[in-house]
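J.: One letter stands for each residue in the lines below.
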Amino acid sequence: MSEPPLPGELGKHSILIRPGMFGMLRTLHETWACRELLYFLAWRDIHVRYKQAIMGFAWALLQPLLTMVVFTLVFNRIAGIDSGNIAYPVFSFTGVLPWQLFQNSMQRCSESVVNEARVLTKVYFPRFIIPFASVISALADFCVALVILFGLIIYYDITPTWRFAVLPLFIAYAVFAALAVGLWLSALNARFRDVRHIVPFMLRLWMFLSPVAYPLSTFIKKFPPAFHWVYTINPMVGVIEGFRWALLGTDSLEPALFVNSVIITVLLFIGGVVYFRRVERTFADVL
Amino acid sequence: MSDTIIKVDGISKEYRIGGTKVAGGNLRESVVNFCREQAETLKSILSGAAPDSGTEKFWALDDVSFEVKEGEVVGIIGRNGAGKSTLLKILSRITEPTRGWALMNGRVGSLLEVGTGFHQALSGRENIFLSGAILGMARSEIKKKFDEIVDFAGIDKFIDTPVKRYSSGMQVRLGFAVAAHLEPEILIIDEVLAVGDVAFQRKCLGKMDEVSKSGRTVLFVSHNMPAVRSLCTRSILLEEGKLVYDGSSDTCIDKYMERNISMRRDGDLSFFRRDRITDATNAFMKNIRVTGGQRVDEHLPSFTSGEDVEIVMEYEVRRPVRGASLTLNLNKLEGDKVSVIYTGDKDLAVDMEPGTSEVKCRIKGLPLTPGLYQMNFGLNESGSKGRATDYLVGVPLFEISEVPETGGNFPHRPWGAVQWSDVEWVMPCDVEGR
Chain A
1 MSEPPLPGEL
11 GKHSILIRPG
21 MFGMLRTLHE
31 TWACRELLYF
41 LAWRDIHVRY
51 KQAIMGFAWA
61 LLQPLLTMVV
71 FTLVFNRIAG
81 IDSGNIAYPV
91 FSFTGVLPWQ
101 LFQNSMQRCS
111 ESVVNEARVL
121 TKVYFPRFII
131 PFASVISALA
141 DFCVALVILF
151 GLIIYYDITP
161 TWRFAVLPLF
171 IAYAVFAALA
181 VGLWLSALNA
191 RFRDVRHIVP
201 FMLRLWMFLS
211 PVAYPLSTFI
221 KKFPPAFHWV
231 YTINPMVGVI
241 EGFRWALLGT
251 DSLEPALFVN
261 SVIITVLLFI
271 GGVVYFRRVE
281 RTFADVL
Chain B
1001 MSDTIIKVDG
1011 ISKEYRIGGT
1021 KVAGGNLRES
1031 VVNFCREQAE
1041 TLKSILSGAA
1051 PDSGTEKFWA
1061 LDDVSFEVKE
1071 GEVVGIIGRN
1081 GAGKSTLLKI
1091 LSRITEPTRG
1101 WALMNGRVGS
1111 LLEVGTGFHQ
1121 ALSGRENIFL
1131 SGAILGMARS
1141 EIKKKFDEIV
1151 DFAGIDKFID
1161 TPVKRYSSGM
1171 QVRLGFAVAA
1181 HLEPEILIID
1191 EVLAVGDVAF
1201 QRKCLGKMDE
1211 VSKSGRTVLF
1221 VSHNMPAVRS
1231 LCTRSILLEE
1241 GKLVYDGSSD
1251 TCIDKYMERN
1261 ISMRRDGDLS
1271 FFRRDRITDA
1281 TNAFMKNIRV
1291 TGGQRVDEHL
1301 PSFTSGEDVE
1311 IVMEYEVRRP
1321 VRGASLTLNL
1331 NKLEGDKVSV
1341 IYTGDKDLAV
1351 DMEPGTSEVK
1361 CRIKGLPLTP
1371 GLYQMNFGLN
1381 ESGSKGRATD
1391 YLVGVPLFEI
1401 SEVPETGGNF
1411 PHRPWGAVQW
1421 SDVEWVMPCD
1431 VEGR
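One line per chain: the protein sequences are A and B, in this order. Taking my numbering, the leading residue of the first sequence gets 1, the next gets one more, and so forth. Taking my numbering, the leading residue of the second sequence gets 1001, the next gets one more, and so forth.
Calculated from the structure, these hints are not laboratory results. There could be a bad hint or two in this list.
What the hints assert, rightly or not - Distance windows between CB atoms, simulated:
hint, chain 1, residue 1, chain 2, residue 2, range
1, A, R193, B, S1230, 31 to 37 angstroms
2, A, S14, B, S1140, 21 to 27 angstroms
3, B, R1165, A, G271, 41 to 47 angstroms
4, A, R193, B, A1199, 22 to 28 angstroms
Note that beta-carbon positions come from the ideal geometry of N, C-alpha and C, so glycine has one too.
Same shape as in the complex, but just chain B:
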């Protein structure tokens, strides 16, 4: 019991969503209702309670309990809106729970964004002190680590330049560098790795790994499954505010994937953010399907490695589209990038007439290892300067099912994402009679 550093017991958080109330019948009733509302508002102002702006309530977190031992690195995963950020905010004391309690047996440092407290008009040097102080570092501590921070961010030449002249990448690097040098007993991190270029992301992961090995307790929220898998031995899966699984990261991620798939049924695009679609959008994807393969219930179509796959993209076209291009990014469902298919590689132009248009993409002999795969779809119209007019991220597409043992003494298959079938070997000698 003594090495339990975080104990969360029955934490719940209720939010109210602003909903329009049904208008009252007659004038007298409305006046009475109005007065009652005003009286209630006044009461809540005086009592300091959160505003009762709507009648509809929902539980962002519902009776979540778990314990974390000292030195554990725990991942928190779940879909958007599952309550991950709310949990971190409660444990960081930014917002309070509606019910339940949590005990943190140590200094807590929370990193919910990169560059907390930066002021654009101040120089890099000044911001290191300011941000450090806001994150809870003592001045002497910042002074001691100053050189290290500057070195990590790689901005020594610009240390006295106002931060507003920094590129966004430099700001992110400096922000992370300050945060990475926090040394609390409990570190709470939200998705900060999703920023910066690839090289810096790797550097961040390395630093995180270092932190987790130094015996610090870390709570890590991320959508980056490979990062969760490599950093955290244990993970917690949240779904609609409830804790649905608490255990090894591998099992937890599998469970997340499983549930994620059945939620985003094949072809149903309503789960995706489509904020790029406006009145000016000429065409957008309406439906997506994969033909062929085996299909059981609601699961994704399943193929064996080496099979042909046909992807059918159905577009709703409002105005004629001329000379557009399509980009398909194939990824593993966990997020690892696999490949890009681009119509421009074949000098093809996508032309579509108003109505419904179908584009088919056939991939012959898919050389993939068993696992779940997803795709991003981007439609780029000519003159869109590389910014896709319609963009879908992470559409679960198909599964490559397990293949029978291929023999040999290599037990770790599947390995990676690509499984070459067309490989020729030239051996040093050929012993007869084998």
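The following block holds chain A by itself, in its conformation from the complex:
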């Protein structure tokens, strides 16, 4: 066996196949070259979702709407959780909406690699496309559910402020956080199918650890400051509080704590990218 040629000696369309990972630059370059595929996979997910079920669109609307109604009944009326001077339905909806975006993105992302097993073992394309494409359909569901939000804004007579314009940043952060966790899970899921059973349970616990149904201020009041730091590592605290800050004008999250969670999420995302890149080489062997 002779030495393989050096990267510099390769032609423009040449591909060198060898054991081990390829450079990050090449992965990025390849992924970019296949962006059309990203579009097609996302389009397929959305299309199949809304084509098959008669309830397609209605489902994306009903899910957050019913969750809001049940939350209002259970947490507000029965458990007596108080949302201060904001009406509880709109308060809980501003938590449910980003939470479901995160939940759907993460769940679909974690199952994406296993779901594409058939294609993965038959054709090559940058594997990164799969988890990234999977979150786009969750974004579509989110956009449908936004209609309810607009309805609530009008019904509860909420005055739009400049803060509304910052909302997309929090939406992006929710998806980014879902990807940060989802990349790990999708790669682990390829090898350990237990992940599939763990994810729903994990998400249920995670929801209760996020201020979806209760205000963050309540948590801050009931627990000593030492816990605040740990609690706010959860990126969804930042996302939900961001939504409420932008839409309802609440102000319970200290910016320093939010920055903390962003830094940790970014680290988790980078770790996920590195881990996914390590494992993607063996997908075809383990799926």
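Add chain B to chain A, keeping to what the hints say.
T.: For chain B alone, kept in the frame of chain A given last:
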């Protein structure tokens, strides 16, 4: 050197087979072993290495090297498990080699199945775009070739019907049509011709021929020897992961046949897949032999054209069999179909009592040309609705040896599979004194 488009150097791929480890002696040892295993698993999870699920390793590919020049059409042949698919998967970048490297100097398109990425709920039109994109076509490219693809598949009436309502034949046609319109510099194809009806297979072969003549470089894995022979000028023979021959397709196929024969010794049925045999199977073939003919060492019995052949099929019968039928398909070893012998043609019923039963089939004056022949054996019980209860495919049976030159100026014999001996001619005139 500049026209070398594929260079494969020392490619090896190791797989581990899950094997049960020998249980440890005492509890302490088991606990220590358990912890060590867990630690190793954790290490492999973090490093992203392939799981070490068993101790037994085997090399699916072992130090394979070859080069392909631009525009060459190269066949890759070998028995099941010889490493053909693994090689294609490595060159398609689906899985990575354990050792060695390969250089592909051009865009690679791989066709390891028909209908890659199809979604059953989507229409034909939507699937063309989806599958095309997954196979590496740009949207503009698919748009340009859309009509051609639909036309090739012959499904224009159903283009907006969900694919799940298509017959399996239609799905295969559409899948192949999309793939056939890929235009990479290097095309990697695995056995896709084994699907569809005869007419479509011919169409596919025609398309493949067109592709190979257009100057594209093709790697073609197949069990269909006539197809390999007609499409590829050069072939590579793999055996147990090793490259054993690289050269002209004709020689390569001959070598494959030779080795294949000596591996499946006459009468030994252990090489065949017998997955139809279950507890419910009343009878299955235990042994097969051919009586008569010349036999040298382990080679198949050899006959001359026109000789009588007796095939003895030994069945193991568990429960009485009544009113069954036997179907024998005679093929050339390369796969060309020759003839069918069916007990039903003579209104015969096969009845067998528990124990060992022998069925003999005598063929008088076998009118075959020199070459190697194989047979498929199907036992159909009454009420099995045409599905054989025991089925053996491709049992090498006998050889028709070369006959001495028959004279005349026709050098291409043997030709085809049948050699008529009983032919009468009526000539326009008979010149005296010849």
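J.: All the hints need checking, so say for each whether the structure fits it.
T.: Cross-check of the supplied hints:
no. : hint                                 : result
1   : A:R193 - B:S1230: 31 to 37 angstroms : 45 angstroms, violated
2   : A:S14 - B:S1140: 21 to 27 angstroms  : 24 angstroms, holds
3   : B:R1165 - A:G271: 41 to 47 angstroms : 45 angstroms, holds
4   : A:R193 - B:A1199: 22 to 28 angstroms : 43 angstroms, violated
Of the hints listed earlier, those the structure fails to meet are numbers 1, 4, in rising order.
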